[in-house]
Amino acid sequence: MAGCCGGKNAGKPITRGRYALGMAFFAAYHAAVQLALSGVGLVSPRFRPVRDFHRRYFAHLFKETCRREGISLIGNDCPLERPPEASRSRTEWPESHS
Amino acid sequence: MAADRERSVALMFSGGVDSTVAAMKLLEEFDRVHLLTFRNGYGHYGFGRTRRRVRELVERYPGRFVHVEESIRGLFERICLSTLAEDYRRFRSAFMWCMGCKLAMHARSVIYCRQHGIGTMSDGSAADSDEMVEQMLLSVSMIHWLYADHGIEYRVPVYQINREEKKRLLVEQGFFMGIPLLDRHLGIQPSCIPGELYYLPYILFNKAPGHDEETVARYISLKRVLVDEIIQAAGPACRADDRNGA
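Residue numbers (the numbering used here), protein chains in the order written: chain F, 1 to 98; chain E, 99 to 344.
Just chain F, same shape as in the assembly (with noise of 0.2 Å):
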């Protein structure tokens, strides 16, 4: 990740509660997108390609999400005080664009 994208929670650390709650509730939210994707790709040709995309991207990140890639939990891992150093950088607005 280059310096910039991570917003301002980016990077902080998360209970493992938390985690558990948002892997049951990240998993059960694209499972539902999936099968809704399955079932209107059915009848609507223009929805394949973003049902095959959505599988796709769903089991990438399903993967990365269980190897909490990105993720830390309070307690573990290298628990951080504060966002990524990269996350925080933002550069003024130049006056004459706002």
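None of these hints come from the bench; they were simulated from the model.
Hints may be right or wrong, so weigh each one.
[Said to hold, decoys possible] Simulated restraints on C-beta separations:
(1) E:266 / F:15: 27 to 33 Å
(2) E:161 / F:55: 45 to 51 Å
(3) E:289 / F:18: 19 to 25 Å
(4) E:333 / F:45: 29 to 35 Å
(5) F:41 / E:160: 44 to 50 Å
All residues carry an ideal CB built from backbone N, CA and C; glycine is no exception.
Model the placement of chain E on the given structure of chain F, informed by the hints.
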């Protein structure tokens, strides 16, 4: 006529905190604000919320707003969906759904401004939402040049205004604020299921979204050619004496 042109501005409008405050800020300088609301046709729903916000604005500032709501499905399919699988292999991230959608909205906005003789376009991009790919400073800068190359000034009137300050302005004026959840307000603007899915790991786990500046810049540059083609194909800008300033 030139004076008329200067008094109208277009604003990409969802009805959320940022775009509502942007609409009010623009009234300080312009006579009329064209509120442009776009639907991409793919899991993008809840446009009644935008219409409610428009009604609130019109009640407070009668005669100052024009609301246009339209589908950009065709543009979105052409700019983003037609190369979705290929782009996902290339960029290894799903940010291009959101960025592609936003580029389609900007392409349509350029066309709208050219057709209506409007010289200034704006949106509610904000620095405190810069985890969102289309609100990163880099994306905003590249969009600025897209408009500039088509003779339109692009402004982001609330970019540096603190979110708490924006919320305070709306609460003071009695705007509907929906259901507060963390620092967001639910039910005041349309929702987007794919967008929610993309930012879900960030919301749930504080996991940084999967895009970086270099990748986003490459994507925008890649799509910029197509966006320019679409704008050119829509026809020339209206002549100065065709402009009605509305």
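Here is how each hint holds up against the structure:
1. Distance hint check: the CB atoms of residue 266 (chain E) and residue 15 (chain F) are about 31 Å apart, consistent with the given range 27 to 33 Å.
2. Distance hint for residue 161 (chain E) and residue 55 (chain F): a CB-CB separation of about 50 Å, consistent with the stated range 45 to 51 Å.
3. At about 23 Å, the beta-carbon gap between residue 289 (chain E) and residue 18 (chain F) stays in the expected band of 19 to 25 Å.
4. In this structure, residue 333 (chain E) and residue 45 (chain F) meet the distance hint of 29 to 35 Å, their C-beta atoms being roughly 31 Å apart.
5. A hinted range of 44 to 50 Å holds for the C-beta pair residue 41 (chain F) and residue 160 (chain E), which are about 46 Å apart.
Violation of the numbered hints given earlier is absent; every hint is satisfied by the structure.
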